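> Residues per chain, in single letters:
Protein chains: 2
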Amino acid sequence: MEKCVVLRLSNKDADFEAKFRDLLAGKREVSEDVDQIVRDILDAVRLEGDRAVLNYTRKFDRLDAAAMADLTVGQAEIDAALEEVAGETLDALRLAHDRIVTHHARQMPKDDRYTDTLGVELGSLWTAVEAVGIYVPGGTASYPSSVLMNAVPAKVAGVERIVMVVPSPDGVLNPLVLAAAGIAGVSEIYRIGGAQAVAALAYGTETIAPVAKIVGPGNAFVAAAKRRVFGTVGIDMIAGPSEVLIIADSTNNPDWVAADLLAQAEHDAAAQSILITDSAELAEAVEAAVEAQLKTLPREDVARASWRDFGAIVLVGDLEEAMPLANRIAPEHLELAVADPEALLKKVRNAGAVFLGHYTPEAIGDYVGGSNHVLPTARSARFSSGLSVMDFVKRTSILKCNAENLRALGPAAMALGESEGLSAHARSVSIRLNL
Amino acid sequence: MEKCVVLRLSNKDADFEAKFRDLLAGKREVSEDVDQIVRDILDAVRLEGDRAVLNYTRKFDRLDAAAMADLTVGQAEIDAALEEVAGETLDALRLAHDRIVTHHARQMPKDDRYTDTLGVELGSLWTAVEAVGIYVPGGTASYPSSVLMNAVPAKVAGVERIVMVVPSPDGVLNPLVLAAAGIAGVSEIYRIGGAQAVAALAYGTETIAPVAKIVGPGNAFVAAAKRRVFGTVGIDMIAGPSEVLIIADSTNNPDWVAADLLAQAEHDAAAQSILITDSAELAEAVEAAVEAQLKTLPREDVARASWRDFGAIVLVGDLEEAMPLANRIAPEHLELAVADPEALLKKVRNAGAVFLGHYTPEAIGDYVGGSNHVLPTARSARFSSGLSVMDFVKRTSILKCNAENLRALGPAAMALGESEGLSAHARSVSIRLNL
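Respectively, the protein sequence lines represent chains W and X. Every letter in the first sequence is one number past the one before it in this note's numbering, and letter 197, counting from 1, is 1264. Every letter in the second sequence is one number past the one before it in this note's numbering, and letter 366, counting from 1, is 1433.
Accuracy of the hints is not assured; some may be wrong.
Since the list gives no way to pick out one identical chain from another, each pair is judged satisfied if it fits inside one copy or across any two copies.
[Claimed, not checked] Result set (DSSO-like, lysine-lysine): computed pairs, CA atoms no more than 30 Å apart in a straight line: (1) Lys-1177 to Lys-1362; (2) Lys-1086 to Lys-1414; (3) Lys-1177 to Lys-1414; (4) Lys-1094 to Lys-1079; (5) Lys-1079 to Lys-1414; (6) Lys-1094 to Lys-1362; (7) Lys-1413 to Lys-1086; (8) Lys-1414 to Lys-1094; (9) Lys-1413 to Lys-1079; (10) Lys-1177 to Lys-1413.
The set of hints was computed from the structure by calculation and includes no laboratory data. Everything numeric in this text was worked out from a predicted model, so none of it was measured.
Here chain W stands alone, though its shape is the one from the complex (with noise of 0.2 Å):
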């Protein structure tokens, strides 16, 4: 293959607002317009149940099953699994597992309730979402760390019932997604997937009770459903594909430089990364390395077109310009690859997850860190965090009053209860005020 050419910017060009501008508008994925088969595919399941699930995993996954008994995945099915995964591999998901739950459960809210000067009581009160659908894609982008980084923080929140789908087309199915589903404890799985798997968890058929929440990432499909069930159900954001910014300063090893930049790139041909430094000779090395990498890496084809359809690398006169070229990325995944990444990072405003100086490559929050690899992409960062426990617990706020606090605030509340025309809210407190 040719040599990539890579977008080169620097912020010092007449032209570079208007060319950055290009860079943060890129669409880096061609959006199907599904809407009215998934509309369809809902209609069908919430209709027929289990009938239509397996009418469309018949057609979709080529998987005749008779009944959704042979859909289920079974504890035998799921130690076997176990069984069949090298003690090594085995090993790490348990680690990381442990990492992950171990982070996690400092994210658990606190209730709070107190009593304000006027003698009101208030409060909040936190409790996990009682059942929870997991959706794991089938194929290449069936990760074991997916299953871990969607169940665990669902089950340290106390979600009591994690439903995992994932299809397996031609009966093929992923036995490290199965063990990692054991090691989390998820409590159902299915070999479902596709719309009709969203329908089934957001409406629940004869076999699968509804859950109250869908997270995971899917295909056109399955993104076209999760919207179209919001409402019905809650759920995670649309996922986009992945991206890393990496803010880097002479002091780094290009060949390191290199590598992360292409752990992004290996995900998809709409991955993107970039590379901001104030190095111009780093900016030379590590392309080089880039393209000297390129070329001993499996996967090299899809890196390749990632790398040059949205890579970038942006020259800047020092680090604290960096900054906010940045948080207008608001990247998924930001690495501060400096020497002083401490100074940077009290600047960061938009981002999924940092990951600081040069012994942080972006890999190692993947997998084993402990913080959730599920973060927001294609921007959304300035509005939305990653995974967490706060996305399985619900806030119930509450209010007590007594009659001598009610008399109080009563009038404020007729007052404003009349002035929007609503005399009902007004009589409820005046009938208890004798008012």
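Let chain W serve as the given structure and place chain X on it in line with the hints.
Frame of chain W, contents of chain X only:
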């Protein structure tokens, strides 16, 4: 009008489960299919900016503005509104504002930074969303209290730019809404609404810089537009018609219970008021009191339609039996109007807000309690929470390894990377460890 015949159930009846399921499954809204129109409006605003917004405002709001400047509300107009609003109402708005600020300030999450047993540094840092859009409906649903409930949590979270959009059909704008915006410290106000306002907030126009998140209720067009721009920006829940569940024992004054049921019913013909009680006597008395009070309500038509079509009285053997039913209903508002509300509170799993005892009518929570009145409707309290400061902040996770603990964790990350077919992930670790 004729006396309402309200649905009456008893959990002693043989067909109770079937009838209760029907009650749960009941749709209270006809969802208009406005997807195609909304798609066209979004596309037009994205491509043509201000011009499209002006055109749609002319068409839908019958407001002929030559330029966006004419649709921009300045400080003078806010000051005039503050002058115009009656002193008592203004004082009530200010009291509400201050109480909402105090309560929401307690919701601010704290940063967490720690070093684990291996010496790996981890953490969660919270930052505010930079810019938020608040949609305020026009017409009769244009509530100043909702302006406070949406704007204050954003302000408390530290959002720098709060942009309010509110349609003014035929030029009519509720001065109370402007006054509330002034009190809350909204940054920018535009007299626009519908899908075109959502589009302007999400994509930006020449006049309106884009925001990162859009909150606030709206009609079918607004809801469909929010669903479509989700991903480009964050959105809050899609709000449905309001609802209350009152659990009441024989210690109640039936007139008070009836007043609370009607305070909900007067919102909207699609609102829902449900009473669960262990007292057949109270049930009878409340039903009679509702009928009597209905006749004196300015919004009798609306409240009567709601009570007739969606109201229900459920008789249970004892109060303990009420709680599993309440958790299945997952009400937006739950009143525990019983002698010992704390005992029942312990059993609440799914509810947006709980109002305890005989002296906490839900209307206090709507206005001056301090907690938020933007709460999950249509059973979504199973998976979501009322609006809070948490909706206007996002979390960035932090990971920092050194050479030593990278050596400890690295091999497991490499094993998982290789097991997922992601060699460049493994290499980004091994290259640092000279493996």
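> Are the hints correct? Go through all of them and say.
Here is what the structure says about each hint:
1. Lys-1177 to Lys-1362: neither (51 Å within a copy, 46 Å between copies)
2. Lys-1086 to Lys-1414: Within. Shortest intra-copy distance 23 Å satisfies the 30 Å Cα cut-off; inter-copy 57 Å does not.
3. Lys-1177 to Lys-1414: both (29 Å within a copy, 18 Å between copies)
4. Lys-1094 to Lys-1079: So Lys-1094 and Lys-1079 pass the 30 Å test inside one copy only (25 Å; across, 59 Å).
5. Lys-1079 to Lys-1414: Cα proximity of Lys-1079 and Lys-1414: one copy only (21 Å, versus 63 Å across).
6. Lys-1094 to Lys-1362: within (27 Å within a copy, 59 Å between copies)
7. Lys-1413 to Lys-1086: Answer is within: at 27 Å inside a copy they meet the 30 Å cutoff, but 57 Å across does not.
8. Lys-1414 to Lys-1094: Intra 27 Å, inter 48 Å, cutoff 30 Å: intra-copy only.
9. Lys-1413 to Lys-1079: within (25 Å within a copy, 62 Å between copies)
10. Lys-1177 to Lys-1413: For Lys-1177 and Lys-1413, the Cα distance is within 30 Å both inside one copy (27 Å) and across copies (15 Å).
Violated hint for the displayed structure: number 1, the only one.
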